[in-house]
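Novice: Chains as they are written, first to last, in our numbering: chain B, 387 to 643; chain W, 7 to 301.
Think of the hints as simulated: they come from the structure by calculation, not from any bench.
We treat Cβ as the ideally placed atom computed from N, Cα and C, and that holds for glycine.
You may find that some hints are simply not true.
Not close to chain B: a few residues of chain W, all C-beta gaps over 12 Å, as computed [what the hints assert, rightly or not]:
| # | residue |
| --- | --- |
| 1 | Pro29 |
| 2 | Gln113 |
| 3 | Ser178 |
| 4 | Arg200 |
| 5 | His223 |
| 6 | Ser250 |
According to the in silico footprint, chain W covers these stretches of chain B (three or more CB under 8 Å from chain W) [stated by the list, open to error]:
| # | region |
| --- | --- |
| 7 | 535 to 546 |
| 8 | 600 to 607 |
Pair by pair, the computed Cβ-Cβ distance ranges are [unchecked claim]:
| # | chain 1 | residue 1 | chain 2 | residue 2 | range |
| --- | --- | --- | --- | --- | --- |
| 9 | W | Gly193 | B | Arg541 | 17 to 23 Å |
| 10 | B | Leu630 | W | Val28 | 55 to 61 Å |
| 11 | B | Tyr626 | W | Ile104 | 43 to 49 Å |
| 12 | W | Gln164 | B | Val403 | 34 to 40 Å |
| 13 | B | Val539 | W | Ser55 | 24 to 30 Å |
| 14 | W | Lys97 | B | Arg537 | 27 to 33 Å |
| 15 | W | Arg142 | B | Leu635 | 40 to 46 Å |
| 16 | B | Pro484 | W | Val28 | 30 to 36 Å |
| 17 | B | Ala444 | W | Val139 | 27 to 33 Å |
| 18 | B | Tyr626 | W | Arg142 | 39 to 45 Å |
| 19 | W | Arg100 | B | Arg537 | 22 to 28 Å |
| 20 | W | Gly193 | B | Ser490 | 29 to 35 Å |
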Amino acid sequence: MRTTQPKLLQTVLAPIVFGVAVILLWQGLVTGLAIKAFILPAPFAIGAEFAGNLQNVANGMAVTGRNSLVGLVIGALLGIALAIVSALARLFDEMAAPVVAALSVVPIVALAPVLYTMFGAGAETARQLVAALAVFVPVYFNTLKGLRQVRPVHRDLMRAYAVTSWQATRAVTLPTALPFVFTGLRIASSLAVISALIAEYFGGPVGGLGKSITSAAASSNYGLAWAYVLGSIILGLVFYCAALIVEKLVAYQPQHQ
Amino acid sequence: MTQPTRRTADAVPDGPVPAVDVPAVNVRSVSRIFTARKGPGITALDDVSLTVAPGEFVSLIGPSGCGKSTLLRLVADLDVPTSGSIEVFGKPARQARIDQSYGIAFQQAGLLPWRTVAGNIELPLELHGVGKVARRARAAELIELVGLSDFATHYPDQLSGGMQQRVAIARSLAESPSLLLMDEPFGALDEMTRERMQNELVRICAETQAAVVFVTHSIPEAVFLSNRVVVMSPRPGCIRSIVSVGLGDMAGRGEDLREDAGFFRSLSEVRELLHGDTPSTGPAAPTGARGVETR
Chain B
387 MRTTQPKLLQ
397 TVLAPIVFGV
407 AVILLWQGLV
417 TGLAIKAFIL
427 PAPFAIGAEF
437 AGNLQNVANG
447 MAVTGRNSLV
457 GLVIGALLGI
467 ALAIVSALAR
477 LFDEMAAPVV
487 AALSVVPIVA
497 LAPVLYTMFG
507 AGAETARQLV
517 AALAVFVPVY
527 FNTLKGLRQV
537 RPVHRDLMRA
547 YAVTSWQATR
557 AVTLPTALPF
567 VFTGLRIASS
577 LAVISALIAE
587 YFGGPVGGLG
597 KSITSAAASS
607 NYGLAWAYVL
617 GSIILGLVFY
627 CAALIVEKLV
637 AYQPQHQ
Chain W
7 MTQPTRRTAD
17 AVPDGPVPAV
27 DVPAVNVRSV
37 SRIFTARKGP
47 GITALDDVSL
57 TVAPGEFVSL
67 IGPSGCGKST
77 LLRLVADLDV
87 PTSGSIEVFG
97 KPARQARIDQ
107 SYGIAFQQAG
117 LLPWRTVAGN
127 IELPLELHGV
137 GKVARRARAA
147 ELIELVGLSD
157 FATHYPDQLS
167 GGMQQRVAIA
177 RSLAESPSLL
187 LMDEPFGALD
197 EMTRERMQNE
207 LVRICAETQA
217 AVVFVTHSIP
227 EAVFLSNRVV
237 VMSPRPGCIR
247 SIVSVGLGDM
257 AGRGEDLRED
267 AGFFRSLSEV
277 RELLHGDTPS
287 TGPAAPTGAR
297 GVETR
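So here's chain W without its partners, still in its complex pose (with noise of 0.2 Å):
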């Protein structure tokens, strides 16, 4: 195991995190069916139960169309579920919203082109209607956490785009949310970027304590990030296995874990049941329900 050499504090603890009585999501039974304009409508998720505790960084992996971004946008009450409940934090999904239960960020950046850096991390807080000082206060801390100190009074368009996806993560952190939900937030980075902003958000989850639920393609980033990753299959989407990864807290995550055996052999896990089997429901149906993970 590798040795913590960063900020420790008190970390997210070893291993599966101790159970709580609220977990920080809780999916019960879910299915999300696109209704076509002909047919019997898309099956974008199929039963799907998933819960995830305070504290915990769960990833969701699969390939297109097997609904983790369905599920994360069920969770952010950005799309409603046809059948199931979701609680965030004990509460039904849309209160949870209504209260700013949590803090998300996409695969887009989505910043104001015309706010500053600084003004586009203060939009939740102005919008919610904190004053001018506490907002201000509050900006340059997360503006300094992401290490962007030096382009504070910069337009979006003068960063780069992993410069400005700090920016949509400094964003989500405004309001010192509990949960993080993320849907591919590094998914537009080159493969440098992507390892760094990684290692920056491994730091992050360690100093904010926050839950995190992450959509990604990439299995290295659902393994090095993550407490426990979400595998799952298309068609209709459902979960096919949850991998756990016991590579350490998050303050003891460091470059270094990238040659770790535990994270190798994680890494063969994941993928195996990535590629593993195709789905015994027979033939994939064809490309009809592609289009449905990026809505």
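Okay, chain B solo, but in the shape it has when bound (with noise of 0.2 Å):
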């Protein structure tokens, strides 16, 4: 108890009573210098119209976060799957490597209009295959790094053990790669929302968060736009907090005693 206490003060009202303070400071601000809504609306209107819309941002919300959820879950699997054909086939890995670098640095901003020709305006597929793209990158590149970390000592294990390579992965590879993986996932979980919501710039269906902030934006309705926002920052949060526990209940984790 004498413990828990000031931890529990210390890791959840400081950092309550800090927010709480810098929104106190910015509505002070906006109503004390009156500053104008189209360059900083205060947060208690951002509140309202988040409030009075709560429906529409939900909806947004669930467009966007739908997106998002299925360009993680194919550019997670895959980036997954093709980091083990890379660290298992050196010829392979040596092909994919200048490829992948190459997607690493491909920006969403030249593809999302390219893809949303491909696969026509009205269809989501364009968005999910950015959060995808975006999302395959890191998981690739922590996954393949996991999947080198064997120790030495393990791989003389398994070479005395004399079991096929695939039952070796299984046993050491892939739980010494665990780790890794989940902290590239950590990192797609919220690059695939930013990507998905970034990608409704560019075009496709309304309904989506991104395509309510321009829209929100366009019609002078800063307040509502900034609504959105905050709704944009729920779901990236629920996302990466979703990866978290995931990892949790997932990953080993050192105990010590």
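If you follow the hints, you should be able to join the two separate chains into one complex; please do so.
Specialist: Structure, rendered in structure tokens:
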């Protein structure tokens, strides 16, 4: 009890107090200096818009969230699978390295319009693919790095046991790589949301958070635009926390007494 | 001589082990040359021959770079000799590895940190398709043998170095091998833990009747544990001499043996062989071969 209370105070209360202080300061500045809404709306105004359009924001979050999730799953599965192939086959690794490096520098800005014409502006496919691509790169690199972390003593042990390379992969290589895979997924989870959202700026059907932000801003409804921004922040946090929870549940955690 | 105080059962007989047709390990004029990017390469082992009888405990001792670990790795078929042949129980080393004719323990315990003590000991059994029930039973038996009954569900990083090493030894015994290969298994332990582990190893060997090839840096360790001590010298790695230690059977080796006159006699014999004369092969080459031994 005695040890947990100050810790709780520090980890929970301190950020809340800080956040409230910042919001109050923000509100004070906006009203005190009479800052125009198109420059910076007051936090209470954003809050009111958020509360008033809760259903719309939630719908936007659902659309963008769904695209992000599809992209995250496709990109992660592809990244992990190809990393395993690269780790097992040196030749494939050498062939893939320049392609993956090229993929990692492709700007989503350049890709989104091309994909919209490929899959039609009425479908969400382009957005999901953009998210998948953004996810693929960090997952692939982290997984591949993790797969190369096997300790020499474990490699010797597996050779001494005369097991097949697939058995060795399952017994030693994959569990060793797991923390690295999750680091990749954690980075990728927020990237998926960001890319799916930004992809909406370049076309496609309405309804997502990105489209809502642009249309609210275009109709000078700055409070509402910021309410959607708040929605995207929450969505990103949800993805990040979900990845964190899955990691805590699945991955081995070093436990010290 | 010491009087047998512990479980005597049918332990390895005293003195030289009776000749059996098929030796546990038969190394015939083996050389291992590591090719260097430039130059002639490093001769880690040069024309080494050695026979280990079933149930015999043989230590390999020598300074860094004498090729003792390399020799052990060749027997385990973790590495392949440049020339010469190695047989384990009459089979080529490769076949012996595939048939799982030996158990192995390294200087690093090499436990899988995401598996419990029991899970680690079960690993070889699991990989070789032993059923769950048999696996559990065998692991429990071995945990008992190495005295870790209270720690079966602990994870490796909750254990001390000595305890981890005991788990590694239990794991090497999981499939009841007739040959145990040990590469400085106590090298990273403090002196006190080390002596306790040696006593335990002696007891375990008496119980399991396995032949052991044991690589070590420590002269007392080699003498205390072995039937024979193989003294090796570096650059190129070769066997300088083999000392027979007549200290009685495994079951009779207890703590009091460390005070025994015969123990000290063998100790100084091995020490003289190690330190006595410098190799007659001329000035020792620079440290080029040092890294070889840990490979």
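Novice: Look at each hint and say if it fits the structure.
Specialist: We went through each hint and held it up to the structure:
no. : hint                               : verdict
1   : Pro29                              : holds (20 Å)
2   : Gln113                             : violated (8 Å)
3   : Ser178                             : violated (9 Å)
4   : Arg200                             : holds (20 Å)
5   : His223                             : holds (18 Å)
6   : Ser250                             : holds (29 Å)
7   : 535 to 546                         : holds (count 7)
8   : 600 to 607                         : violated (count 0)
9   : Gly193/W with Arg541/B: 17 to 23 Å : holds (19 Å)
10  : Leu630/B with Val28/W: 55 to 61 Å  : holds (58 Å)
11  : Tyr626/B with Ile104/W: 43 to 49 Å : holds (48 Å)
12  : Gln164/W with Val403/B: 34 to 40 Å : holds (38 Å)
13  : Val539/B with Ser55/W: 24 to 30 Å  : holds (29 Å)
14  : Lys97/W with Arg537/B: 27 to 33 Å  : holds (29 Å)
15  : Arg142/W with Leu635/B: 40 to 46 Å : violated (26 Å)
16  : Pro484/B with Val28/W: 30 to 36 Å  : violated (55 Å)
17  : Ala444/B with Val139/W: 27 to 33 Å : violated (53 Å)
18  : Tyr626/B with Arg142/W: 39 to 45 Å : holds (40 Å)
19  : Arg100/W with Arg537/B: 22 to 28 Å : holds (23 Å)
20  : Gly193/W with Ser490/B: 29 to 35 Å : violated (44 Å)
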